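These protein sequence lines map, in sequence, to chains A and B.
If you use my numbering, the first sequence corresponds to residues 1 to 324, in order.
If you use my numbering, the second sequence corresponds to residues 325 to 752, in order.
One or more hints might be untrue.
Stated by the list, open to error - Sample of chain A residues at the chain B side, in silico, Cβ under 10 Å:
(1) THR101
(2) ILE103
(3) TYR128
(4) THR145
(5) ILE177
(6) HIS179
(7) THR204
(8) PRO207
(9) LEU213
Unchecked claim - Straight-line Cα separation of at most 35 Å, DSBU-like style, residue types lysine-lysine; simulated pairs:
(10) B:LYS717 with A:LYS135
(11) B:LYS594 with A:LYS196
(12) A:LYS80 with A:LYS42
(13) B:LYS661 with B:LYS594
(14) A:LYS72 with A:LYS135
(15) B:LYS717 with A:LYS72
(16) B:LYS594 with A:LYS135
(17) A:LYS132 with B:LYS717
What the hints assert, rightly or not - Examples of chain B residues toward chain A, derived with CB under 7 Å:
(18) ILE358
(19) THR522
(20) GLY525
(21) LEU526
These are calculated hints, taken from the structure and not from any lab test.
Bear in mind the structure is a predicted one, so any value in this text is a computation, not a measurement.
Glycine included, every Cβ here is placed at the ideal spot set by N, Cα and C.
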Amino acid sequence: MSPSASPSAAPTALWNRPHLLGLQGLSAAELTIILDRAAEFKRLHAAGQTKLDHLKGVTVGNLFFEPSTRTKTSFSLAAKRLSADTVDFTASGSSLSKGETFIDTARNIEAMGVTQMVVRHSTSGAPYHLTKHLKAGVINAGDGTHEHPTQGLLDIFTIREHRGQIAGLTVALVGDILHSRVARSNIWGLTTLGAKVIVCGPATLIPPEIERLGVEISHSLDAIVPRTDVINLLRIQAERQRSAFFPSIYEYAHFFGMNGNRVQRARKDVLILAPGPINRGVELTPDVADGDRSVILDQVTNGLFIRMACLSLLHEARPVSGQH
Amino acid sequence: MSSLLIRGGRVIDASRELDRVGDVIVRDGRIAEIGSNLGQADEVLDATNCIVCAGFIDTHVGVRDPGFEEDETTATATAAALAGGFTRIAALPDTLPVVDNAAAAEYVVLQAKRAGNCRVYPLGAVTRNHAGEELADLGQLARSGAVAFTDSTFPIASAEIMRRALEYARMFDRPIFVHPQDPTLTASGVMHEGYYSTALGLRGMPAAAEEIMVSRDIALAELTGGRIHLMSISTQGAVEQVRRAKQRGIKVTCDVTPHHLVLTDADMQKYDANYKVRPPLRTEEHVRALIDGLVDGTVDAISADHQPWASEKKDRELDQVPFGIVGLETLLPLCAKTLVEPGRLSWLQLISKLTTGPARILGWTEAGTLTTGVSADVTVIDPTASWTVDPAKFRSKSRNTPFGGWTMQGQVKAVVIGGEIRFRVTEV
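Isolated chain B (complex conformation) (with noise of 0.2 Å):
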């Protein structure tokens, strides 16, 4: 009988819209009670001026092991999820090989364990080699662990291969997580089709191209009652769309990132690869769409669409270079300089994105809460601490961001995954 007390932190709990000053304690590994003055525990943690909430879940992480460990490793990634206060992160497929059997899903899970950090949930190909082509293994990979099935950040050209997908998965009552890009649109393409594009001579990625998916994905999870999440999604349209398509029923979600939330196109004008991602940097008008979607519930979850590069992938022609930015270990910052401190969302909705968001997303009822009985999955943070991004003490092997440098405030102060802290600032 071990137990933990969290003491005297301000208690998020978004699953049942909890918010006030009081102890968590914590016995073998489980939410046990929440409370005022609960006494002594084995472990005591002070939470004093923190938040005290369930812990982060990011439903899709580049975890880039098997394959690319010059990247990123399963215990380097882990490590830096467990620094942004994340305690479950979902891995994206796009290894090598890509995931798309179950011995590969396998790996996943058991690289997790030897890594010792956070929790890992492998994420599926929907097609074999992430070729678009053929069905990978989708009911072995659920099997081994799979909680989703993915192209990663290869679109599915074919139609049909998606419609089969969606019926299929549904067996195994599994979403598909869709980059919603339409390929004949963005190919070659490097930044957003606009102003900029045309005055930097950048190839562009007109916001159609999301838009023309968005569409094609939504009228196929209504044909086929399949569940469809759009991940990364940048465009006022895609928003609009989405918020209809819920209206109507269809079983759809969505994520966004917080670089999309804080930069836009006109950032461009460094020419410097840490802002090229996909989909690319936005206009003001469709960063204003998607903060609203955030704020009427539009928009499911927040992930930081991690994409780890070594240096010397980034360092190139901007053309040449690799899509995505490292983003686990400055994700809370960045949400909480956009929406929490220009007052758009509430803590408590900011970490609804974080926590209850994506397990609903993923269908899991077990997790991104703080009640009674589940596993204490537990992340306190300081809202009010202030802190200078440094790229050089990441957990993360890569360095790839372009908020080196930036002052903001909210820090991860300590991390628990079942009832053991994993992760905790020591103050110097």
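Pulled out of the complex, with its shape left as it was, chain A reads as follows (with noise of 0.2 Å):
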């Protein structure tokens, strides 16, 4: 089963999924291909190779039903590097506004000749739902506090780059895991990949029965801070504190903030990660977002090799891809 004693071209063959909606039930192997896909698809930039034609004819989608900066941009530009042509679509502003059910919306998206589908929607399971009523391919681009698999994705490339590989890590995941769509893709594709994960947050942000999952709970960022190899700072909403999740965003801070102090107690070589877009202060300190143990822009850079890796591979995955 190892993908590295596979022929080069055999993993290609088996990724046969039309639809990345999580990183749950994916095998190492399929895990692996996606990142190999995208290690490749980094190469070929740094040689030069700004534009490639894997999806030359394609139309992609690009369904947020919740704002988004970052993943849209990268989504947007991850489909043209690989020439397709993207129709984008934001909530506000929109039909929704004029009662058109999010289903519609879509298939109305579709109805222009959209084969891939990128969805981003406020409520958990709604990009599966959309899978019963669309022929295209659906990327799940986050999808409330369910997943948000190629965040996920982007965040086990970035470890794999900087440490060669993924088992044997032990990641800690820290703030709000409970509201956090990025957490549970972390936690599907590590423990898959064989790293030991630790969830770390107050009682109140840690949803129940979490362990079942697979991972160890931590109440303490100063307990696991000298036992991790990588640190991974997940935002935490000021609007939580109202719903008396935590006192303050002062105490937070105190607890779960990284500082200079806790990287000084950490290992010489951990990798400090944060999804975005970062509260500097609150999940970590300026020093620390713009340390040398930092890896928050190569974050933001790999997104780009991951989501063409997505885009490309689903494309391929199509019964009818190459016929048209």
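Join these two chains into a complex; the hints should help.
Written out as structure tokens, the structure is:
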């Protein structure tokens, strides 16, 4: 089953899913196919091949029913780098405000010839719901508090790039686990690839029975910092404070914010990740965000290659791909 | 003098633990005699290989008329009830306008007469407009036919209001039906809080939300001496509390739905709105506790908790869709599958949960029974007939069920109300 043992051409043949809805249920081999494809795109890019033709003649729809800057831009650019045409849709100022359902919106966009649909929605399961109404392949670009698979993949890609492999590493996910789709995608992907995952945050932001996902639970960042290889700092939303999930932003930062002192106590080669957008001074202090252990901007760069990999693999898995 | 002979069936009358093969003869709309070879009548209904029992009673049905006729009307709800074996249903008051006054209650009665299917009894609101703030006109509602009071699926957040309602309703000997869920713990919830809510990223509603309200309402029933009925309980803790309260003589009753016995929170992995119900589908251990409660008598009745919704309301984002499924037409085979086939309840015990149990909740003595002289409300079921649920064929106007395509045993063959055959399956 080791993907490295397979002949070089074989792995792509293993990817046959029409949709990418989450990292739950993907095998280590499937995850590796995506990561390897992204690495290939990154090499080609470094070699000057900035425009590829994998999706020439294909139209990719970017359906963002929830605001996003970086993910939407990244998907849009990824599609263009593969020579696709793109149709962008954003909820604000759209027909949704006129009462159209999100399913009807998606079907209308699909009717314009879209065969790959990138979907962001504030409701968990919405992209899955769309697969029952569309013929297009669906890529989940973040659904509610469920999954954000391409973010999980780009985090894993960035870690692998720095460490060579995922198996055997200890990765801490810190912050609001309860409301984080990034946390769930990281957990599924990292544990499948053999990492040990610790979720760390206030007890109010750790969802029930999460240990059944194969993770360790901690409420003390100080206790786990010395034994982690990677610390991924999830975004804290200030409005959670009003719902009594924690007493104050100040108190949150005191216990769960990454600062210079904590970096000092960490392993010398620790990697600091943050899916962003970051609140400087809350999840991490500016010196950490901009310090030499931070790989936050690498994540953004790698996100592009991960999304190119997902778009191209899904397109190739379509039964009619290459027919027109 | 018209007469009807229901011939050769297995006659089960839970009101007197009767279970024997024989004939039932109905004269002038009333049960005249049960026995062997009772001879001839004006009309004969052959019940060979079928169970003949009192008509089923559902104590809380979403009829949605007036105001939400896109979901259901009195005519379609009562047609669905008949097809499910029900001769009497109590209609939830969460209509538009809410049934919180005499005129609204009388409308429910009038619509039922026009439909001419099964008997319909209004449930009156506890609080005006279901707002939980001031009492509705309970006395006038009772006089206009309301058989109990409820704020439907809206929890009565104020313990003070609930106390006064229990005290005031005592004067009319009517129970208060409650949907026991703490509103602050269930706000924006979509499913049971546990492993699957965590994995699926869906907002959870903890079992404690139900147990807290059950505890409060039992304490208030004890304080006031009023009658409380807990609709659709779903947790182990709720069953345990009702069991203890009954042992102490507190006037509390409860029911469960078939879907809470058949499905679990794991079914939410399909992200299908037809599994979004309130209370939410729970885990296996809660399901076992509900069934144990039915077996030992803690749970008095089974209700379909019929909640019809037009497809445009259900085919939406999961956090936007309303709770509930249609259930009148699938209740019997689901109960047979879950309770009778595994040997947890006998047919007589199951029928008691659908007849004498709900009758007792409402304080009815002449319903849910085949005693000589009572109005002949009779249901004939074929316990072994296998059929496949096809929502397109529902009499209900709505199709929101997770059971489409299920093949199950147990089919309603005929329903008699007041001696008249109102529903009959014609064999192909």
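Exercise. Hints the structure violates: just list their numbers, smallest first.
Key: Violated: hints 7, 15 and 18.
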